[in-house]
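Peer 1: Sequence order for the protein chains is A and B. The first sequence maps to residues 1 to 219 in full-length UniProt numbering. The second sequence maps to residues 1 to 234 in full-length UniProt numbering.
Check before you lean on any hint, since a few could be wrong.
[What the hints assert, rightly or not] Computed footprint of chain B on chain A, listed as stretches where at least three residues anywhere in the stretch have a Cβ under 8 Å from a Cβ of chain B:
no., stretch
1, 75-84
2, 118-124
3, 168-179
4, 186-198
Derived by calculation from the structure, the hints in this document are not laboratory data. Every value quoted in this text rests on a predicted model; they were computed, and no experiment measured them. Virtual Cβ for every residue (Gly too), placed ideally from N, Cα, C.
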Amino acid sequence: MTLKTFGLDQFGFLLFSLQWTLVLTVIALIGGGLLGFAVALARTAQLKPVRIAAASYIQIIQGIPVLMILFLSYYGLSLAGFELPPLIAAGASMTIYASGYLAEIWRGCIQAVPKQQWEASESLAMTRLQQYRYVILPQAIRISLPPTVGFAVQVVKNTSITSIIGFVELARAGQLINNATFQPFRVFLAVAALYFVVCYPLSQLSRLLERRLHVGSSR
Amino acid sequence: MTYTFQFGVLAQYQDQILSGIWLTIKISVLSIILGCAAGIALASARSIWGGAVRFLVDAYVEIIRNTPFLVQLFIVYFGLPGLGLRVGADTAALIGMTINLAAYSTEIIRAGIEAVHKSQIEAGEALGFTRFQIYRHVILVPAIAKVYPALCSQFVLMMLASSICSAISTQELAASAAFVESQTYRSFEIYIAVTLIYLALALVLRAALALIGMWLFGRRVARRTMTALPEVQA
Chain A
1 MTLKTFGLDQ FGFLLFSLQW TLVLTVIALI GGGLLGFAVA LARTAQLKPV
51 RIAAASYIQI IQGIPVLMIL FLSYYGLSLA GFELPPLIAA GASMTIYASG
101 YLAEIWRGCI QAVPKQQWEA SESLAMTRLQ QYRYVILPQA IRISLPPTVG
151 FAVQVVKNTS ITSIIGFVEL ARAGQLINNA TFQPFRVFLA VAALYFVVCY
201 PLSQLSRLLE RRLHVGSSR
Chain B
1 MTYTFQFGVL AQYQDQILSG IWLTIKISVL SIILGCAAGI ALASARSIWG
51 GAVRFLVDAY VEIIRNTPFL VQLFIVYFGL PGLGLRVGAD TAALIGMTIN
101 LAAYSTEIIR AGIEAVHKSQ IEAGEALGFT RFQIYRHVIL VPAIAKVYPA
151 LCSQFVLMML ASSICSAIST QELAASAAFV ESQTYRSFEI YIAVTLIYLA
201 LALVLRAALA LIGMWLFGRR VARRTMTALP EVQA
């Protein structure tokens, strides 16, 4: 029996699996973005119990490993009687993970809007909703762009953890090819290179946005 | 839902869980010490020599920070034997964590060093400090004091990420959870218990780091360490 070697076909499989990494990243960012936005608003709410609940949620998510979120949602959902495909289980846990971090990032951005903006909009008799909609969020979103793009890099990288529950994305594809070819160094360097190709431009974009932001503001 | 939780069965596996906790603590503390030392060395090297050294250090930091920890572990554990270096799962985990943490610490400390104002260095020169004294007292120590909370957040993240080492069969806490699960089929219970242990470990580690910060840099830094959450930097 001859072993397969790591060639074009195998690289093609890696590229194919890369799209699942990207799909998972997009799911995590959209789902985590929606949930995280809600938590960020709760974190800056006027009612103290709401603020405390949101803060606890953030502390807990940031205090446990992504792997545990993954296992808990994987086994927890099946206990609750849902027979879910790995993509949904993986997507759900990445969503929860992303929400905990995005909420904290965006809380910082909302609070970075100067207090006078709140006071000025209040004195214009705006409702709380109007304040957010027309005054606070437009400014907060501008501030939030660099760290959010930076966090997207973390999400891309952490989707690799879903390979542990058997979801076939880029890292898992690398393992599968390695099992067939026994050329770990080549295979995993190729996997790492593909991750790098996705993550590096995002990191640079985040830096660029950060620099732009600092040019724009006089503070 | 008619599931009854049974946490009782976990009690007989406490030895496995305790040894898992112990290994998690061991590799985390070791990699924090080694990674932080490497980070200080690399950040200093790149700011002192510049040129090719700076380029190499930056390349290292960018490569590590833009690839997943899991893949780095795979390269260390499965790839190194191909180059004639055979390493055990624990050593591979420690090497992987140190390499990873060194890159992040370098980046964080670099930011601190670059934030030191030029006038501070000139003030040091005016006081007749030697170059080494300036580097040590004016640049490095204040820089680390400034970024200490961010650094600690990264340490906590690394401790949590050590759970990923179970994928290369390191017998730390996540791996002992998987073992107990395979013995008892009480998956949800064991993972809840282990998640709570990780949460407790994260809190204890943060408190310990805050105490160290108080001892090294004073009360103000310690307070920021306790409240700082992981900073996501580009």
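Peer 1: Take the hints in turn and mark each one as holding or not.
Peer 2: How the hints compare with the structure:
Here the stretch 75-84 of chain A counts 5 residues with a CB under 8 Å from a CB of chain B, which clears the bar of 3, and the coverage holds. Look at the stretch 118-124 of chain A against chain B: 0 of its residues bring a Cβ nearer than 8 Å to a Cβ of that chain, fewer than three, so the hint is violated. Judged by the Cβ-Cβ criterion of 8 Å, the stretch 168-179 of chain A is covered by chain B as claimed, because 4 of its residues qualify and three suffice. With 6 residues having a Cβ less than 8 Å from any Cβ of chain B, the stretch 186-198 of chain A passes the three-residue criterion, so the hint holds.
Of the numbered hints stated above, the single one contradicted by the structure is hint 2.
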